[in-house]
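Sequences listed follow chains L and H, in order.
Sequential numbering of the first sequence, starting at 1, is according to the working numbering.
Sequential numbering of the second sequence, starting at 168, is according to the working numbering.
Think of the hints as simulated: they come from the structure by calculation, not from any bench.
You may find that some hints are simply not true.
[Unchecked claim] If you only want the chain H side, here are some residues facing chain L, beta carbon under 8 Å, derived: (1) Gln204; (2) Gly205; (3) Gln210; (4) Val216; (5) Lys217; (6) Ser369.
[To be verified] Not close to chain H: a few residues of chain L, all C-beta gaps over 10 Å, as computed: (7) Gly38; (8) Asp40; (9) Ala81; (10) Cys128.
[What the hints assert, rightly or not] Covered stretches of chain L (in silico footprint by chain H; criterion: 3 or more residues with CB under 8 Å from a CB of chain H, positions within the stretch not fixed): (11) 14–21; (12) 88–94.
Note that the structure is predicted; figures quoted are calculated from it, not measured.
Each residue gets a CB set at the ideal place from its N, CA and C atoms; glycine is no exception.
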Amino acid sequence: MSIEQRPRRCGGWLERLIQHARVRSPWLLHFDCGSCNGCDIEVLACLTPLYDVERFGIVNVGNPLHADLLLVTGTVNRRNARVLANLYRQMAAPKKVVAIGACGLSGGIFREADNVIGGIDRIIPVDCYVPGCPPRPEAIIDGVMRVLERFGTGHPKEDVAKGKGIP
Amino acid sequence: MSDLILRGVAGLLAGPLLGGLTSGLDRILTARLQARQGPPLQQPYYDVVKLLAKELVVVNAWQAFCVYSHLFATVLAVVLFALQADLLLILFTEAVGAVFLVMGAMASTSPYSQIGAHRELLQILVYEPLLFLVAIGIYLETGSFRLTAVFQWPVPLITQLPLLFGVLCLVLVIKLRKSPFDLSAATHAHQELVRGLFTDFSGPLLGLIEIAHWYETVLMLAFCGLFWAGGLLPMTTLALAAVMGVILMDNATARLNWRWLLGYGWLAGMTLSLINLIWHFRGAG
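When you get a sec, could you build the whole thing from the sequences and use the hints?
Now the structure itself:
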């Protein structure tokens, strides 16, 4: 998204400051929802010195209570659907979800399997889909940055209110 | 009177300004040491503004009460330092703040939070006696616990109490939650203890804890600066040197367990303090 296309931020200076801070300080939680680890290796590659996502303020946290972004890889099955919903519920609003890889998007090649429910969006609302098997780290970073743009559009209070609903 | 108010306001502002910048500098330097570019200098402010604007999730009322008390006590300690009050009073106020944070973590039933709280208690057990030994060293040298007297002392304390400055740097590593003593709430320990002490604090409460940590940082660095209290420039130089040392140490060492913390902290700290005190005051009595 180019700078001209970027949506205008609304509200007074405090609201703009909050939106700016949200865009510049996303803490992400990474959940392997039954992935083959291919996508997970690419997610972790983003944190290495080569890609260094900390220059965007991104920190990998291990705690849903602290996270703003949920990165999910792999298919949802009947065993881990509950865990995924639980993690999403524990995150404090505002929160965004990025589904990563063919399996996370639709179930991928495991779509027809007995135990597989499908993509991440069958359980929790997804804000951005990053295709690929596995997607390259550049694609994952691009997906995360596009989700961050959405933090900067709505009113900060509405963003919090919207995120409170249990899926 | 107006001078006192000015000092108090300076103390209030020093926390967010100097503490936040120190934290930002720390993140940039750490990134550069790891061959990364790192976040911008103002990153800690983004983090705190974001945290303060997040949804408030409180596990129980005690948690919130403890966070407010922790912040209040820490800010009070920095303001007391700026007012050049009694060194012991400042240390006790700071200790109360530290204990409130542990109580807040204990108020939640999360096992990670509990483990973090126990480890934090062990850290307090290690550094509090050492801090008091440093204060006693300053008292024996200057003859007073009042900071006004310490600031007027003609000789830089570091020339008389070099080993005690080393002990203070050890305390600084523990207080800033840096390797090898970052065992209660390490940022990078999620495989081991999620976020330890801070596991069940989230959103605005975590933001307030971060602000309190800025004040704590400023207080500890001011303590370091006390060892060369010949004006603002020598104090800042000494404090900056201490911060650089801590960041280097953080990147060069791995996290130790609590037995090492107790063994090394007490053994090194107590030995260095006693050697300095005995060596310096052998003939003074």
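So, going through the hints one by one against the coordinates:
A least Cβ separation of about 5 Å between Gln204(H) and chain L falls short of the 8 Å threshold, and the interface hint therefore holds. Hint on Gly205(H) holds. Least Cβ distance to chain L is approximately 6 Å, under the 8 Å limit. A cut of 8 Å between beta carbons decides the hint on Gln210(H): the least distance to chain L is about 5 Å, and the hint holds. Restraint check, Val216(H) versus chain L: the minimum CB separation of about 4 Å is within 8 Å; hint holds.
Because the closest C-beta pair between Lys217(H) and chain L is about 4 Å apart, less than 8 Å, the hint holds. Taking 8 Å as the C-beta contact cut-off toward chain L, the hint placing Ser369(H) at the interface holds, the least distance being around 4 Å. Look at Gly38(L): its CB is around 20 Å from the nearest CB on chain H, clear of 10 Å, so calling it non-interface holds up. No beta-carbon of chain H comes within 10 Å of the beta-carbon of Asp40(L); the shortest separation is about 14 Å.
Against chain H, the non-interface label of Ala81(L) holds: every CB pair exceeds 10 Å, the least being about 22 Å. Remark: the non-interface label on Cys128(L) is consistent with the geometry, its nearest Cβ contact in chain H lying 19 Å away (cut-off 10 Å). Chain H is given as covering the segment 14–21 of chain L, and this holds because 4 residues of the stretch bring a CB closer than 8 Å to a CB of that chain, at least three being needed. Here's how the segment 88–94 of chain L fares: 3 of its residues keep a CB closer than 8 Å to some CB of chain H, so the rule of at least three is met and the hint holds.
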